[in-house]
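These are the residues of each chain, in order.
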Amino acid sequence: MRHRLLLLIAMLGTVALLGAKVAASAADASLNPVTADCNTHGRLTRTYTLSELQLALSTLPADIKEYTDCYDVINRALLAQTGSHSDAAGTGGGSGGSFLPTPVIVILVVLVLGAATFGAVAIRRHRDSDNDSDNDSGSD
Amino acid sequence: MLIPARTGVASAARDDATPWRLRIPADTWLLAGVTIVGAVLRFTTLASQSYWFDEAQAAHELHLSFGAMLHLWSADEPNPPLYFVLAWPWAKLFGTGAAGLRSLSALLGTAVIPITYLCGRELVSRRAGLVAAAFAALSPFMIWYSQEAREYMLTAALAGASVLFFARTWRRPSRRNLAWWTVFSGLALLTQYFVGFLVAAEAILLLYRLRSRACLVALGALAAVQAALIPHLITHASHPASWIDGFPLSIRVQQVPVTFGLGTLYQSSLVSDGLLGAAVLAGCVIVLLVIGADAAQLRGAGLAALLAGAVLLVPLALAWLGHDYYEARALMPGWIPLAVVIGAACTAPRARAPGAALALVLLAAFVYAGIRIDHSPQYQRPDWSGVAAALGRASGTRAIVAYDGVFATAPLAIYLPGVPWNGPGQTPQTGEAPLTVRELDIVGSTAQRLTPRLPAGVKLIGSRAVNGYLVDRFELTGAWHLTRAQLGARATTLLGPAPPGPAVLIQYPST
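Which chain is which? The protein sequence lines are E and F, in order. Using numbering that gives the first Met the number 0, you'd call the opening residue of the first sequence number 0 and step up by one each time. Using numbering that gives the first Met the number 0, you'd call the opening residue of the second sequence number 0 and step up by one each time.
These aren't lab readings, by the way, just hints derived from the structure by calculation. Among the hints, erroneous ones may be present.
[Said to hold, decoys possible] Residues on chain E that point at chain F, a partial pick, calculated with CB under 8 Å: (1) Gly41; (2) Thr44; (3) Arg45; (4) Leu56; (5) Thr67; (6) Tyr70; (7) Asp71; (8) Leu78; (9) Ala79; (10) Gly82.
Virtual Cβ for every residue (Gly too), placed ideally from N, Cα, C.
Only chain E is shown next, with the shape it has when bound in the complex:
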């Protein structure tokens, strides 16, 4: 039991360490401000105009495109702005909307249902076998 507790503490420590905030390094000063914001924070921390977002997307350096999600973040912010005709100022953070497409949600629901069914059948079998063993011992 003690070993399990120690292992649990060690694993929780690992999770906590992984989840901890890691200090961010300085952003590259030569980057476009939108790109620099995304590269530093992993998202857009303020609102940008349509033209600022378009400029950021067209001047996105290849390494940023390769090693980060900034293309996706800026593109989403851009789509959010062009999609909402009147609210140009309110959709600057690039992480709006569900990131899961409908087919995936369907697959996940099916899997959860499958897992629940699987679990229910397993529990039922377990109970059935318990009942059987009770009956066997009762008939002795």
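Given chain E, work out where chain F should sit, using these hints.
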């Protein structure tokens, strides 16, 4: 009730009568099936994507003579030489085309599936091994690097073999097991530097467990291998860091769980949920193991977790201390131990149903990511062969301005005949001597726009979109006599706005 034991002659006769298919354990069939699925996923789409920068560099180096290849390796490659030493004869046999060169990685990536099974079986149980092998077969991360002409799958295979013989030595200490562990660990150290974190953890654990002279000899041999690599390590200590510094450590840490699970979807917004996902998964794994695993399985999973933790967390601690080389693909040696831990949780005997559900969810996530990557050029390697096809043949000397800068130079030099090699190890094409060109082609992106009014003497002769790239070709009525920097600056007035630092390649008519 006692069941009478089968007597030798009768049982032998019955065994002979049993069809051979039934004598093979079910695990072996399942493993064979999983391995075949993994092989199909790796080999069938081997050449469907272009070489990217790193692979183009490897393809260039591997088509040279052995001596020239080693010279370039020592000058430019940040990792030890074993992959290049093995890939060089492979390239001579199968060529340096995408299918030929990547087939080595695909073969090694397929071998990683049974190696993962054996690690899981040795450390935890057969079931855990099978689930871990299924993860290896379907993982977009493992499939991606099984199709990459670089050292990653050799690293995974050798690191996996090191884990396997570590586990065997741990459970059944013998000189033979220790010798195999030493051999595979040494080879893994000769393939990639981050393997050192795995082997160091294994070495400490074995030293604690065995406390024998043989163990000290083995560690001495591995220390000698590592010491032999120190000059190369020191030379290249700052080489990879130069680009890593451009990306905050916090972002790279978030990318690790997404990359390990979902491959290149780290380039999507999913990455912001990476740590949360990792935390939920880790929570599930811990609960399942603590509640459902028996003591021996828990010990095995704990050992695997220690090894994975050494690879994932020691470099993170070093990054905090200022030696930052932390990136997901470099952490490859930790993937198999991690898969074994999760496989153990998914097959814990007293939590079968929730464990199976977790395995299903993870495998479904792998399949989803694989399909999404397969259908989205954005998450694939840049389509440089498509760009080269759009550029077509050069009728005269032409300048090609690529807005992706250095990322474009090596792949385009591979795919475009008549373009001198401009990748690492070669004299960069940055000379200031003016060049005379009659055609200027620009490789930009579909986010850029052509200027509404072309200058006099410039005529658009072709424009094609290629998976996010825009290839515009311009005929120059009067030849331009400009330096590369001037050609790059002129290009940005035609198609823009452009990122800084475009690369300018000169293509000569090929025979």
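- [ ] Run the structure past the numbered hints and jot down the numbers of the failing ones, going up.
- [x] 2, 3, 8, 9, 10
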